[in-house]
Every structure is written in C-alpha cells, then in structure tokens.
Amino acid sequence: MSAAVATGPRAEERALAPVSWRWPIIYAVFTLVALAFLRVGDGATTFRISRAGDFFEIPDVSLPALATNLVLLAVMAAATAVAVRRALRRAPIGWWVPAAFGIAFVLAFLTWVGAGRTTLIPLTTLLAGALALSVPLVFGAMSGVICERSGVINIAIEGQLLAGAFLAAVVGSLTASAYLGMAAAPIAGALVGGLLAFFAVRYWVDQIIVGVVLNVLVVGLTSFLFSTVLTENSAVLNARQSMPDIPIPGLAYIPVIGPVLFRQSLLVYLMYAAVIAAHILLFRSRWGLRTRAVGEHPKAADTVGIKVERTRVVNTVIGGAVAGLGGAFFTVGSGLAFGREMSAGQGYIALAAMILGRWSPKGAVAAALMFGFARSLVNMLSGAGAGISSDLLLMLPYAVTILAVAGFVGRVRPPAAENVPYVK
Amino acid sequence: MSDETPRPATEPGDPADRPEGATARTGGTPAAGPQDGPIETRTRELLREVLSGSWLVSLLAIVLALLAGAVLIAVADSDVQEAAGYFFARPADTLEAVWNAVYAAYEALFRGAVYDFRADSPTRAIRPVTETLTFATPLILAGLGLAVAFRAGLLNIGGQGQIILGAVFGAFIGFSADLPVVLHVTLAALGAALGGAIWAGIAGVLKAKTGANEVIVTIMLNNIGLYLVAYLLTTQAFRVPGSPNPISPQIPTETAAYPLLLEAPFRLHAGFLLAILATGAVWWLLDRSTTGFEIRAAGANPHAARTAGISVDRVVILTMVVSGALCGLAGSAQVLGTEHVLTGGVAASYGFDAITVALLGRSKPVGTFLAGVLFGALRAGGVLMQSETSIDIILVVQSIIVLLIAAPPLVRSVFRLPSPDARPRRRAGAATTEVTA
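Chain order of the listed sequences is H and V. 266 is the number that the working numbering gives to position 266 of the first sequence; each next residue is one higher, with no gaps. 270 is the number that the working numbering gives to position 270 of the second sequence; each next residue is one higher, with no gaps.
Rather than coming from a laboratory, the hints here were simulated on the basis of the structure. Backbone N, C-alpha and C define an ideal beta-carbon position, used for all residues, glycine too. Be aware that one or more of the hints could be misleading.
[Stated by the list, open to error] The following label-pair restraints were derived from C-beta to C-beta distances: (1) Leu32(H) / Leu277(V): 44 to 52 Å; (2) Leu67(V) / Ile246(H): 41 to 49 Å; (3) Arg22(H) / Val240(V): 54 to 62 Å; (4) Thr307(V) / Pro18(H): 28 to 36 Å; (5) Phe87(V) / Ser234(H): 23 to 31 Å; (6) Gly344(V) / Pro244(H): 31 to 39 Å; (7) Ala91(H) / Thr307(V): 39 to 47 Å; (8) Phe87(V) / Leu174(H): 17 to 25 Å; (9) Glu57(H) / Gln81(V): 47 to 55 Å; (10) Asp60(H) / Ala348(V): 41 to 49 Å.
Could you build all of it, start to finish, from the sequences and the hints given here?
Structural data, given as structure tokens:
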C-alpha cells in the first residue's frame, strides 16, 4: 500500500497489470466445497497423534466435529479474504496462505471422515505414509529436473525406477546387504539414462519416443529376467533385504515431526540431501548455470564454449542415476523382493510432479509430496472404510496435472530447447 | 517410400537420415570408397539403392532385435548356465545348449505365429496364422490412430486410455442394449469410436486452446482411464448383478459381437476386415484428401501451415478426434471381437504396443498394417513360446526393433551399409547435387 501511495501520480500514468482472480476463485471454490464438511452431526473425531514406540506418547485427541470444522472453515474463509486482498493489490500470494488453507482443508476433510466413528484418524501414520510414498516420486522428479533443464525430456523415469529397483534387489540379495543393493541401484538407472542420451543426443531420435520405448524395454527385460532367472533361484537372487530406520539423535524426539521425518532409512536421508543439492547446484553452481544455458539456448551456450552435447549426456546419465536410486525404494527401501512391473506408473507421476513444480527442484518436491499425501490419504480412507471410491480418489493427482498443464494453475513453461536436438 | 516424413515432425527436416553425416564423421565406413570414380555402373547404383533403402533398415532392425532376444534366451536358460559352468572343459556343450535353447524358443514362436507343422490336424496347423491376425487387429487399428496423430506432429501417447474408453463405450452398448443383429454391432462399434474420440479430443482441445502438451495430457488420461474403468466395474450399471467380480455382463455374441470369419476354433473376427478398411481409409485421408494435406502440412511445419491459411488449431482437434476414434475401434476389437466382456485389463498393453507399431510402420498406413501383423505374430507366437522361455522376451524384441528403426544410422553402421545421402557427397565437385532426397 505504501509503495502505491508513494508513487501516487505516476502510478496512474503507468498501465497496471490486470488483477489475477485465479487464486481467489480457486480458494473460494474449495471453501464452498468445505461447507459440505459441516454435515457431521454432533459426533466427535478422534485423532491419533503419536504411534506406539514414539519418545513422547501423546494421548489421542478427541475433538467435537462440528465446532472443529466451523473453526477450520473460518480459517479457510480468512485465507480466501487474504487472497482477494493480495490479488487486488497485485501482490504475490506468498507461501503461508496456501499452506494454511491446504492444512485447514485437509483437516476439515479428515474431521468429516472420522466424525461419529469409532475408528481413529492416525495423523502420524498418514504423514509417514505420505513421505514414504513420495520417495520414488521425489527422486524421479529430481531426475526429471536434472535432465530437462539441459534440454532432454526424460520420459524414461519409469524405466529408470524399475531398473534401479531390479538391480537393488538382485545385488542386495546376492550380497545380503541392503546398503550394497541401494548403492547398485543408481548404476542401473544411469545405464537407462545413458541409452536415452545415446539415442537422443547421438542419433537425434525424438526424446519422448526413446523414453517411452525404453520404458517398454526395461519392463520387458526385468520381467523376463524375473520370470526366468529370479524365480528359479529366488532364495539367492531375490531374497528380501531391508534397511533399518536410523533415528537422528535429538531431532527424532520432536513430537509428530520427529518420527515422521527423522526416524527413517538412509534412502530417505539421501533424498533430503539430493533435493537440497539439486536446488543449490542448479541455481548456484557453474554446472547448474551451464545446464540451464544448454536447456534454454544451446546455440548461445555453444558460442561461449560450453559443450552442449556433453552437458546433455552427462546430465541425462546423472538424472538416470538419481531416478535409479529412487527405484531402490521399491525393493530394499521397503524391504520387499522384486516383483514384475513394481514401479506401477510412478515414473509418470514423478514426471507430472516435475511439471507441476515448474521444472524447479523445490516445486517438484512440493508436488511429489502432494501426490504422496494423496495416495497415503487414499490408503487410509480405504482402510477406514469411508464411502468414497478409492479409484476416483486415485484419479485426482492425474486430473490436477492435466489442469496444471492446461494453465489453470499458472503458466507452465518448459525449458526452451527441450526435445530439440542440437545441430551445429 | 520415396518421401520420408516418417517420424513425428517435432524437429525440422528428416530425422531418419540427417544424422548420417555424424556417422560418417566419426568413422562409419562406407561400403564403397571414392576410388569408384564419378561414373557408377547401373548394377552398383541399384545395389546402393537397395542397401540404403529404409525397408532394408527395418528388416535388419528386426534381425538384430531377434539376435538380442536370442542372447537373452540363452543367458536365462538353465541348461546353458549349467554347461557354461564347465565351458573351458567342453565348450561344445555350451554352444549346443545355446543352440537348443534359442532354437526351441524361436521354433515355438514360429509355430505359434505362422504354421504349426507339429500339429495333428490341419485346422490346428493353420490356426496360428489366424491367431496372428486376431492379435494384429487391435494393434493395426490403434497403430493407425497413432500414425495419423504422428503425421500431424502430435505425439499421442494416450492409445491405452483411448482403447479403454472405446472398450467401455462399446461394451456398455453391447451388453445393455437390446437391438437387432446388424444395428447392434454397428452402434456398439460407433460407440467405441466415439469413446476413444472423446478421450483423445480432450487432449486435442486442451492442446489447441491452451497449448497444453499433448504428451503429458494423454499420459495422464491413460491413468485416469485405467482408474475410471476400475471404478465403473464397481458400479451397478457395469457389473453382473450379485457378482463380486469386477467383470461386466457378457456381450451377446449373436447380435453385438463382430461375426467370426471362420468356424468356431478360429477366433478371427470381422474386426480384422474393419482394420483393412481403416487402413484404406487412413491412406485416403492422409494421401488423397484436403484434410490429410492439412494434417501433414501442420505436422511438417505448423508456422508455414498457419501462414498458408490452415487453421492449425482445428487440425489439431480434428486429428486427435480421428486418432482417438481409431484407438476406440481397437478397443471394440477387444470387447466385441475376442473378450466379449469388459474387464479392468481390457486394453492389455495394446496402447503402448501401438506406439511401436506406428513407429515401425513409419506412420504410413500400409507400413502400420504390416507392422501390426508382425507384432501380432510376436504376440501370438509368444503364447506358445511361453513353454520354452518367458513371454516377456517379446517386449524386449519389440522395443529393440523400434529403437533401432528410430535410429537408422545406427543400423547402417552396424552392417556397414551406405547411407542414402552419401552418394552426392562422394561426387563432390561434380554437378550432380540435385539428387532427389
């Protein structure tokens, strides 16, 4: 406000940007939807906040459903009002308004689901499940960011995840060490990434086509080896290995957050590291600058002496390795043996998360966590026996992605040189 | 085969041949050196034409893929592994085991796909080839659909979802309506086409109106379609009353199914005739109609097409609708032709296989038809091959074929074949630079 007053007369001369009503409208619609959650009768909803074995065992909290939802609705209405104010002032919305709105909406929904039932709403389990289900998505989305920022579309995330899961299971089983399995997973992913780079950079084949075909190839190879070699000798080649949870001293004792974030396996801690490293390196390092230059304007990059093709190959292989590491989650990361097509389309969701996150590591992680949370919620709801079809709920992330790429959630702009082979 | 615009034209020029220069630079040895002189004999010229032709590359790609498959079969075979344990003592044993494993697998593939020379009755001996055509039917239809989109420069990855929606619409009309013979199956097939067209149309409209990337939208629609059919099969309208299984009621074979072309043990149905008709229709659409010209123009260069007065947005929507309708018909081949019920797995992996079919067929109608028959043969043969090895080897062979087809210079360099644009370069200096591409 002060800025507008200070510039006074000059502000009128300047053409103002039109007011963007997108976010206020989205918030208003969701607030109206949340009105439906008020139909809870006079029951109570019980939340379980800590799990057995946590350092602080917090007793279950029982809240009157109607009062809770009225309060949450007020929060949502307030957030909508703030959004309207910000929109009128053409100010950016910031991060805490969407966060508060989202949390209030989800809590209102959970209160509605649990109202008047004997079943508990396990908050901590829900969050922990969300984080676990996000692990392959986050690694896959990081892989996508690393590849696509250099101008190579990585549709083969699915194949890289699956290849990583396969090699992690086999190596882990052979060496009877989950950690060695995890260490081997990036090699498999990097191989798939290398193939992608070979065809896309060396032979200028359409990157989307190579990606799709590589996914089929990896599904075929792993399923073939699974049903011939692995099943014949599953005790040696495909025995279950799991990584123990490592509680981080101190941090793991924080109520709710501690057990969810800091009582995890090494793979999850590597995920934190990968996200932070990707974000810092991409925007603060020479490698990152070069990667982005090659992805946006390869000719200019080449003119100043950056080797376009080498950058793309290196990035695609690194990206493949990152996705491969994420694939380890399916087998050694969750203590399972390898199964046919066990990545089950998660690579495509990771791709969607990356697009929703607008090709930035930060955004991609947020989107991946949202997808993971949605799945965890669906799991919980089907367990709690809520009257909503899990199939319909599982559609939601995909529908949101379509809305996102169609421009309803802001402009989505890919790197300019994506899927354009560099020809000197 | 003269004009090569085979691949989705997201990049300018002809991607199939451009990288040849790169191969030559990095040491791909040409078959004939410059010492041949400027005058070539007629035979040599003919030979070069044959050797650099794209159909030869396709053939060699298939051979290479089968070789790679053979390596996998041998590696995974337990007899081979055993014999390899004492390889240095008796290497012949290993080689014999490799030969046995590979021969048994590919013999089964042949017997399952073409002609079963070990069968005890002529009916059984011929049945494999009809099975091949049965499996090929949805592949051809969906492959044609994707080929149309590829020619317009649209990467429709959503064959899977469009097949599912086609199957849902077709099956629903099939089992719920009570109509006379010809009308019922016609309506069901049209419904299937409509279902696929709607699903692809969503992607087309979003692409035209908002610029949404059709690859992402169609991939997402695939997943939504998968959950949609799973959801529908839990509802009353799509389920057998009183049954807990997610399977639709039977589609009446007398009225709503495609009639069988041969007697009972054969499964070949009229859907195959539909596939032949569709091949002709797509050929006419792409090569003879104004719309087809607009589709190809928009695919080759959208900017030029727009300048020439073609409404690219309209072409995008129209192409996706046609593409989806053909994929929907592929879904009808499943529910009205072979399965006769709607299940969650109705599309199998036909949608993704169709991508490889369209690529192998270089997005040309006849090529797609032949590629569909080839992959149908691999599927049909794969069923019998299962007794020898795992059917998943088919996926490996298919994907290697397509990878190699997509990169002709790779195949040429493996077999040391001359490249089609190598000739003018070798005559450098001579005034023959206007050689046709």
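(request) Check each numbered hint against the structure and report the violated ones by number, ascending. (result) 3
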